[in-house]
Amino acid sequence: MKSIVALNVNGDRQQVAVPEHWTLLETLRYGLGLTGSKQGCDKGDCGACTVLLDGEAVLSCITPVWEAEGRDVTTVEGLAEPGRLNELQAAFAETGGAQCGFCTPGILMSAWGLLLRSPSPSRDEIKEALGGNLCRCTGYTKIYEAVELAATVGPTARRRVPPTLPLSPCSGRRGRGEDEA
Amino acid sequence: MLRLHSYRYHRPAALADALALLAEHGPAAMVMAGGTDLMPNMKHRLFTPDHVVALKGVAELRGIEEREGELRLGAAETLAAVSRSALVRAWLPALARAAGLVAGPQLRNMGTIGGNICLDTRCTYYNQTEFWRSALGFCLKKDGTVCHVTKVGRKCVAAHSADTPPVLMTLGAVLDLASPRGTRTVPVADFFVADGVRNTVRAADEVVTSVRAPLPGPGSRAGFEKLRQRGAIDFPLLNVAVALELEGDVVASLRVVVSALGARPRFIGGLEKLAGERPDAALLEAVARRALDQAHPLENITVDTEWRRAMVPVLVRRALAQALAGPPGGPPPTG
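If you read the sequences in order, they're chains A and B.
According to our numbering, the first sequence is numbered sequentially starting from 606.
According to our numbering, the second sequence is numbered sequentially starting from 3.
Hints listed in this document are in silico derivations from the structure and should not be mistaken for laboratory results.
Keep in mind that a hint or two might mislead.
[What the hints assert, rightly or not] Simulated coverage check for chain B against chain A, where a stretch passes if three residues somewhere in it have a Cβ under 8 angstroms from a Cβ of chain A:
| no. | segment |
| --- | --- |
| 1 | 36-46 |
| 2 | 230-243 |
| 3 | 307-320 |
| 4 | 323-330 |
[Stated by the list, open to error] Below, a sample of chain A positions facing chain B; criterion: calculated Cβ distance under 7 angstroms:
| no. | residue |
| --- | --- |
| 5 | G649 |
| 6 | E661 |
| 7 | V663 |
| 8 | G736 |
Think of the CB as a built atom: it goes at the ideal place given N, C-alpha and C, for glycine as much as any other residue.
Isolated chain B, as found in the complex (with noise of 0.2 angstroms):
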């Protein structure tokens, strides 16, 4: 049995109350959507807020609707409802694939879209109730001074695990921000930082409101393939998204990310010589190759660390696959 901390539960309808009440009660108030990682979070006490706001309620936060050549998704809209969207399946198929393998299905009906972007990360030694991390002297992240994933590291290495970001990073999507101080617009390319305490620029007043992603044209190719133990529920040890433009019979440009193993997603670097080849085997392998070099899993999380690594290539050659065999985006059938 996990009590939670005595606090007050806020549930605002409109975004301005939620932003009063962030300004009113300042570094004592959380945000909150589906809960599905701040409620287990709070339970272990690494979170202990004396004011949760609630933004499922809040209107501006909802709909899935394509206008001025993007795809707008409201951020409290549920990750069941992301993969099931009739908009979101034609023209981002790589978002609804990944949406689709959240956790398991209840959590996919809580969760949401701006949560799972803004995600806290995981460790071994992060993700404990407070009797077990107390035990061990609590850690860099949480409590503590010392990092138990490097031993002498003084910077956290706990891992993204959030699923949709390294397709959205594909994708070229931007998120729009609200808090008391007004609205901002960033790149989710630019949204996440290599620091596993606080992985995010988006500060503790600050409301993700919307996802826009541009509407991809016919040569757009994505796909997303994701890397657990079990089918469902658990996070991600190895995420790889990829999106390509094809020319003609040629790659025009190539971009892929690669997560979970570090604080934040990376791109990797160096596919811009392969634009103008050929989507044969050869580039598969190119691509994988340059991945493996790039990819430097880290002991946070209990699965073997070689494995990961070994599966980058893999999953890099699956998602190209998938990504070349999809269907182009495109508006949903009519009729």
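Only chain A is shown next, with the shape it has when bound in the complex (with noise of 0.2 angstroms):
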């Protein structure tokens, strides 16, 4: 039997109907279809899940998605503006902060939090709060890296614009702005 559940999943309210035992991450990759979250460990170890609840990171897949409803959810898909990756996603381009890929959602995630709440960290600070991300390919200093370089681009530039591209093909979401008043 399933249940409605809202959520508010960067900035679209959205209802959904899940089994009641679905988590977060269960609810946003097979209800919702945003896959960018990814299912690793799937008991809570590597991160690999991380989205922000009300800015703060959490584990998608140890949280009942009823801890999510009526609450803000972002996941890695509300990053990017549609069609310009965002001064996060970008400075990890930049820098080679990413290899196989599948660790990044989760750190961005976990390193957009910390962006929202200390806008210029320290290395100590983002070593801190990238420890519950675990990557396997590249070691973590070109993902230091990219957090100090997205960081220089400073919290002015961090604030969201109204979007001038189409709606990204890739992106789950609609562009700001379209039809809500």
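Join the two chains into one complex using the hints; note that each chain is given alone, in its own frame.
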């Protein structure tokens, strides 16, 4: 039997019919088709499923979907403006902070959560914030460098601007300002 | 992919509602705080409750405040909130440190102080999928009759793996519990029992509502050290918490708890004989020696048991040095 859960995902209000025992990750991936958040260990160890819940990094694979009801969920799909990477994603591309890419969405979300509360973090703060995300490809140096590079862009540029480009085909979200009052 | 079993998830907003749900569903219900331990355990089919009563929305379980000579922490405050709280950092720095060393950042954003205190014990042969456990014929703690650690033992030796209780024990903290049958207060030192299957005196329908620790005096010092393989995520291989009272230039009293070796955290005995000594290297050595003599880790974790034991005196010395070097607890700076 399914129940309807109301979520606010990447700024969009969504109502999804889910089996009551589903996690937030299962709802995002299999209910909403937002497959950016990865199902890695699926038991709260690896950090690949990290999303922001009201701005705080949490593990969606061990979050009952009902804990997210009525709250703001931000997934990796919510970072890029349509057709344009945000400064954190662009910094990862610039420094080579991703290799196979499986851990990258979770690392981006942990780092984004850090930048939201600490716009100019020290290297130690970055290491601490990414301590719950496992990467088995790169080592972490280029990842730390990417977060530092994104931080130099500064909080002014981090403010969202209305999109000027059309909806990206790979984006699961509507362009902001299309039909919203 | 680890699927959960089918269950009802209840989110009461008041303690009375939570207790009513626990009374209504009895043994079919379990309480969940942050869920960082219970959710993976449910995915491993270690628990399959029909009803889960979530505590994070219960208003009475929130808040960190100083009152009547105590610091009171609502049990549903997150470990991140405890580790960052100005009150906790100022009054009980060792507790803030322990809370900040639990797991990784996401788990501290989710997990709570009450949940950490009630954490299930852990063992190589227990924290595995149902398939893995069935292949081995299950174990004493869950679904089986044999302990794969001791081979012959009839007692479960899964390890107490929470980081904050050792500190709370040395600080003399107490827990407030509520159930459909009423309320009671239990010292953290009396909360744990040496049974790995169920290592606390909490009944299944009991909720830890708050943790209260006495505010330390000007001579009080405390420290905490954790041994783990990586700098984040991992459960402890060994925990050491110390608290001491200085009077003039001598140590008037001293408490040391060693944890993560057996099913419950343990006070190191015989330390009263060291009262009146100066806090110098000889004292540190004497405490470290007693701790080593009393620590007997078992192969309940897949990490060299001899190394874990050898690290006991090392961590005791570090925790004592940390306590002596740190500031006394006091009110947070104002302005």
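Original post:
When the hints from earlier in the document are held up against this structure, which numbers fail?
Top reply: The structure breaks hints 3, 4; every other hint is satisfied.
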